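Student: Chain B: place on chain A using the hints.
Protein chains: 2
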Amino acid sequence: MLVIGAGKSTAILIDYLLAQAEVHDWQVVVADRDLDVARHRIDGKSRGTALEFDVADAAALEKLVKQADLVVSMLPAHMHLPVATACVNHSTHFVSASYVSPELRELHHAAERKEVTLLGEMGVDPGIDHMSAMARLDALRASNASIKAFETFTGGLVAPESDDNPWRYKFTWNPRNVVLAGQGGVKFKHNGRYKYIPYHKLFTRYEVVEIPEYGKFEGYPNRDSLKYRHHYDLFGIETIYRATLRRPGFCDAWNCLVQLGLTDDTETLEALGDMTYREFVNSYLWYDAAMSVELKLRAMLKLELNSPAFDKLQWLGLFEDRPIGLKEGTPAKVLQKLLEEKWPMGADDKDMIVMLHKYEYEIDGERWREQSSMVTKGSDSERTAMAKTVGLSVAISAKLVLTEQITQRGVVIPTTPLVYAPVLKELEQHGIAFTSQVERV
Amino acid sequence: MLVIGAGKSTAILIDYLLAQAEVHDWQVVVADRDLDVARHRIDGKSRGTALEFDVADAAALEKLVKQADLVVSMLPAHMHLPVATACVNHSTHFVSASYVSPELRELHHAAERKEVTLLGEMGVDPGIDHMSAMARLDALRASNASIKAFETFTGGLVAPESDDNPWRYKFTWNPRNVVLAGQGGVKFKHNGRYKYIPYHKLFTRYEVVEIPEYGKFEGYPNRDSLKYRHHYDLFGIETIYRATLRRPGFCDAWNCLVQLGLTDDTETLEALGDMTYREFVNSYLWYDAAMSVELKLRAMLKLELNSPAFDKLQWLGLFEDRPIGLKEGTPAKVLQKLLEEKWPMGADDKDMIVMLHKYEYEIDGERWREQSSMVTKGSDSERTAMAKTVGLSVAISAKLVLTEQITQRGVVIPTTPLVYAPVLKELEQHGIAFTSQVERV
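If you're matching them up, the sequences are chains A and B in order.
Going by this note's numbering, the first residue of the first sequence is number 1, and it counts up by one from there.
Going by this note's numbering, the first residue of the second sequence is number 1001, and it counts up by one from there.
Extracted from the complex, chain A is given alone in its bound form (with noise of 0.2 Å):
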């Protein structure tokens, strides 16, 4: 088995394989372009062995990969496709937590006809979203349910434990993703009705939603919901939604950020090498020279005195006359500085995925609402809940393609029982698993 890349959340993959390992008699090759950051993952153990690569060298790939059963490939998502192609070459499996390009997908009957899996979206969101969902959908098809309304929400977030800052957020996965987050604006359907929401509205339409013991979240809408019809098969469904979570207060004060500008990230910034916080903020307020920045920005914003979003402007510094220390970049790679110094993950933080589906349907004329949620948390800086989701869906499912309980062919993701079932009840045995209140509407 050959695991490509060992950087964050691989620890717990690669523990779970290097013990499958010495069940199976397997040997588990982990390359990286850091052979230390390899080694420190196989952490001396004998089934495992430590590789520098790069991903680039075509050469060494088709070796690695031709030597394999199975390749895991941690890379990021764009840098799956010589992978995979090579898997299909070589008649190997292929493991992988990204969303499945167009370009992978064109694989499918190559790898069909070679008799090899490429299963992709395997890690939380996308991968347990998927095999969640699917697996409540199916069994309310299954007790001739109509299914109505289906809403899903995820949040890679700080654990309670560590929700310290006033934005109750912190830095657990890509910055840049999040300070880009819904640009292009959101397409949904709602109790029949197709909704459209432009970018700089999207940060006023979450919806908020309750967790038991973890108290409540706003879901801000995801791009695109309407195609998870296809994928979940829900065409005729009244209402379909897929949002991201955030603790209570993150939207009004991001839209604040969003309504000055500050997350575009396509102008570029003239004599950014000069200016201060104070001053980038200045430039995306009218020009008085009697009014302070501050009060531009609550008048144009109509922010109250005693603004929460305010607060949390301020507390990010955007009004210090301190040197921003770029040289240059667009508003967004200003933002994503600041936030990086404001929002990092400590030591000691933990991380926590939430996880959270909403369903409305009708059987024999009785309409029912159910809630379904799964909250993961972190163990420490290495063991994140990331990392376990991630991870344990990954090392699991390549666990089953290669002991052939994981038997479908070509480009598959994991939204038939024949995938998620085997996969959603070994989770579950590792902690990872939801909870459910049904009631009648």
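Heads up, a few of these hints could be off.
[Said to hold, decoys possible] Anything over 10 Å on all C-beta distances counts as not near chain B; from chain A, calculated:
hint, residue
1, K195
2, R247
3, E267
[Stated by the list, open to error] Taking lysine-lysine pairs in the DSSO-like style, the calculated list, with each CA pair at most 27 Å apart, reads:
hint, chain 1, residue 1, chain 2, residue 2
4, B, K1296, A, K302
5, A, K296, B, K1333
6, A, K333, B, K1066
7, B, K1148, A, K296
8, A, K227, B, K1333
9, A, K302, B, K1425
10, A, K327, B, K1227
11, A, K148, B, K1296
12, B, K1302, A, K302
13, A, K148, B, K1358
[What the hints assert, rightly or not] Covered stretches of chain A, as calculated for chain B (at least 3 residues, CB under 8 Å):
hint, stretch
14, 276 to 284
15, 372 to 383
16, 409 to 415
Hints were generated in silico from the structure; no laboratory data involved.
No experiment lies behind these values; they were computed from the predicted model shown.
C-beta: ideal position from N, C-alpha, C; glycine also.
Tutor: The following block gives chain B in isolation, referenced to the frame of chain A:
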């Protein structure tokens, strides 16, 4: 002389050239895809020849350009390049009213070597704006003035006698450009500060200006005002601002369309074929079974009962349960279709070009504020203000090139006195002139 394109706004251009052809013993070939259109423009005059011609026919283009001493290209902006390239090959001069594209600018050295003039940006905006501003800026600099601020405003509007709808606007030019105006955001400089406005705030940040006899206008900023520092040699300037003029009330109402998301041209609407205008608007509002579309819109946009902006939306018919009648498209396409029904120029309507420059400068320690404006009204639906200002600028400069009064070679825009002085002088004889007011600050 070869004129390619005989559509809208070429009536006055071609009349002028045919009259000059009598004086200078020239022949004018008018080439258009539609032979009847070309014939109509020549109207039987002996100096003219009408030709059917498709610019995609490279061989025909080469032949026509080779026979000509000068080509006037009235094609859409993106179609000039092959014509200008042929002109360089055959040592034929070239005049157009469009912005000089980066690709066209690359012909500069080749044109210089061939002693060819490629004169661009020779219409109204760009064109008369360059010439009138540079004439004044050069005169001020010759008087040792230090120029502190330059703001320039242009609008293609309806003349007061045809100003009879609540928006005080009709389409006198490309509707698509009006619907998409400002997308991508804006940058300019105000009192030494760089200022950026994201698209969704653009129509709240207009400046009100007043022109004697014509009353008030709103100017919303154009995309990139900063690049005009290069064109006009204004590198140290404290304020530089270019804007588009509308009548008061327009921007507030247009801002409602922007806020809703109706000007977006990226997202394709689902099930558009069955949709009415009312349902279209409702797609951009939240779901609420008990509230009317009107009330939800008022609530989202915070519009009072007596809001003039709301009345303008209602006048457009946005709340009517009338089928849109488009099979597919973006919100911007739907909006354009509706606006083309509501804002057409009637057969008796007259248009109006309004241009205004504002200067601030210091001479001998005294600070002055100057405003200079030009208003040109159309005579009828063919001899529009647009046709006059664009046509005369192009025609006069074409004559000046052929009579060797303009001798600058290579790619030229009318920012040098050798070009703008004779053109402005003759435009003034045709009644296209600026009037100024100066006051000490």
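Student: Are the hints correct? Go through all of them and say.
Tutor: Against the structure, the hints:
no.	hint	result
1	K195	violated, 6 Å
2	R247	holds, 22 Å
3	E267	violated, 6 Å
4	B/K1296 to A/K302	holds, 20 Å
5	A/K296 to B/K1333	violated, 36 Å
6	A/K333 to B/K1066	violated, 52 Å
7	B/K1148 to A/K296	holds, 24 Å
8	A/K227 to B/K1333	holds, 23 Å
9	A/K302 to B/K1425	violated, 51 Å
10	A/K327 to B/K1227	holds, 20 Å
11	A/K148 to B/K1296	holds, 24 Å
12	B/K1302 to A/K302	holds, 12 Å
13	A/K148 to B/K1358	violated, 60 Å
14	276 to 284	holds (count 4)
15	372 to 383	violated (count 0)
16	409 to 415	violated (count 0)
When each numbered hint is compared with the structure, violations occur for hints 1, 3, 5, 6, 9, 13, 15 and 16.
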